[in-house]
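Undergrad: Listed below are the residues making up each chain.
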Amino acid sequence: MAVSEAVVRAVGLEKRYGLRTVLRDVSFELESGGALVVTGPNGAGKSTLLRLIGGLAAPSRGLLEIGIERRRVGFLGHEPLVYRELTALENLDLYGRLYGVPERRERIGMLLGRFGLWEARRQRISSYSRGMTQRLALCRALLHEPDLVVLDEPHASLDDDGLALLDAELGTLAAAGKTLVVATHDPARVAALATGSIALGHA
Amino acid sequence: MTAYLGDVAALARKDLRLELRARDTLPAMALFVVATLVVFHFALPGGASEDAAYGLLWVALVFTALLGLGRAWAPESEAGALDGLVLATSDRSAIWLGKALATLAFLLAAEIVALPAFALFFAPLDGPALLGVLLASVGICAVGSLVSAMAAAARGREVLLPLLFLPLAIPLVVGGVGSSISPEPGAYLAFLGLYDAVFAILSWAAFEYVVTE
Amino acid sequence: MSITRPSLSALAAFAVALAAASVLMTFFVAPEDADQGLSQKIFYVHVPIALTAYACFGLGAWKALRLLLTRGERYDLESYTGIHQGTIFGALTLVTGSIWAKASWGVWWTWSSNQLVLFLVLFLFYCAYFMLRFSIEPGPQRERISAVYALFGVALIPVSFFAIRLASDFIHPTVFTRDGPQMTGSMFAAFCTSWAAITLLAYVMYRTELAGKRTDVNLRDLREALAR
Amino acid sequence: MSAGEKYVAAAYGVFLVFVLVWAAIIATKLSRLERETGELARLARARTSADQGDG
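Sequences listed follow chains A, B, C and D, in order.
In the working numbering, each residue carries its 1-based index in the first sequence increased by 17.
In the working numbering, each residue carries its 1-based index in the second sequence increased by 3.
FYI, the working numbering numbers position 189 of the third sequence as 180, with every residue one higher than the one before it.
In the working numbering, each residue carries its 1-based index in the fourth sequence increased by 492.
Calculated directly from the structure, the hints in this document are not laboratory data.
This list has only true hints and no planted wrong ones.
Just a few of them, taken from the derived set where beta-carbon distance is under 8 Å, the chain B residues facing chain C: (1) V177; (2) G178; (3) Y212.
Cβ coordinates follow ideal geometry from the N, Cα and C atoms, glycine included.
Starting from the given sequences, assemble the full structure and let the hints guide the process.
TA: See the structure below:
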């Protein structure tokens, strides 16, 4: 099997917000199709590391190479990154146009159906529960069939069938050879998929 | 190029849809500008010249624009939507252009209310004056959208926005007032066009650096 | 400090020498102005300060452009210090300008002197630069936003210059601005020495402040390294 | 002093005062830096002697 070169490579990564150093000396490699699990207590910088990988922030020091073009990355963060006063359809339609998703309507319909939001597709996000908002954020993150999927504590605020849907989705993504980065407090849940893991302590 | 304009159109449409739904910026701007004109009526001493009234129109327009600009990036900062746009959009200047066009639409809508009210309360507005208002409004929205994005990244943005915006608006006020009261408004209109060109290009090129972390 | 650039102390010494020369030439060589008399001597210090302020704003904008293009962190401090100097000299321009206005026209402030009005606008603009800078968390975004604002400033200078000239047509139809006194040879020589002296002094101050700010950054890194 | 001389003196005086004030600000900054570097130097010396102690 050809050695699959690293899709994401970090060497001595450091991130500083103001005078606070949030990430210090983080190094790892993630090959294509692999799944990196990021663990660590709250405030250890998990979300910051994922924002760096997702392309939402630049490292203060150190090297971060991402072999995938920014718009081929799917990002799920603590914030849903949607407009609360728009409906699910309107949000996904906007992002579909920006990402240039082919057959946008069909793809949106399929995703909303798969994540159980089809009935609520015309309701505004402000009327959604936290679990429904999290599912919509998942639809937005997967809308453009990204090659690299970055998920920051995706299991948070999901109910049981939401969790089942998510686990199934992670399975299909891994099977499809997508590269995953998952930050979680419950590594057991994604242990089956993980090809690598990194534990962040307080910098 | 069409993809870029597609992005701009989708982003501007999103703002118009949000405004029609929430209806919290446009009515406020229209009411604010008329109320300001009425206050100016009482503020103007009896014998004040007509020129002074034109000057006050521009003060009213600038502060009405400030009201709109203060809310320009509010929808984006709610559920982290700006990060979503920064990730999804191929050329981030489209985010600025979409916002500038939407803000211009709101400002023009407020002016549709303000200008007849001004003509009614104070003095007539001829062709060059209206063109001056249009050209200045373009400049206000181009620079204003960028500057309010800067303020959105800072603490105390409500206080900061006027401080950042007003010095940049001074040339627009000069051009606008000049086009209303000067016998040959041509020079002032040309100046407004120059301002719009210079600062629109600068804002268009600089926006990428303002929103990326 | 790279050795190719002259050392700070040499520059400082040269600046002092130039300053002394300019004072001598201003008061003992250059003849008094025909109609303004002695008060015209303020010109030799007011105009060079204004030109130095422009130079500092230009330097700040140039470093800002370098920061945006090359993402080199060192340019942020240089741009910030340059604009800090520019704002100080801008304030000085306003003060010496109003003294000159009082001396030649009997009023502390006049809207008809285009240069004074321009500096008032720029002073407002650049004070907002510091308000903006200090309300954002230190980091790459603050550096870039400050840099963009600095570039807007340098675009605002010519635009405001035209605006004020256009404005003076309808605000003050009766205009009595002085468009720069005609200068004989020795007056011009005195002006040039004074200009060189003040520009050099500003550069020395810029380099000194920059050294201070860089030391602050180094100290912070050291303190963090030792604290661990 | 005639009015003209007063204003010339005022202008140059303002510039001189400014330079002195600026020098004073730099002086205070210098003394602060000196104190901080002193503290750090002591910390470093304490650190190195501690390393040698249990080295």
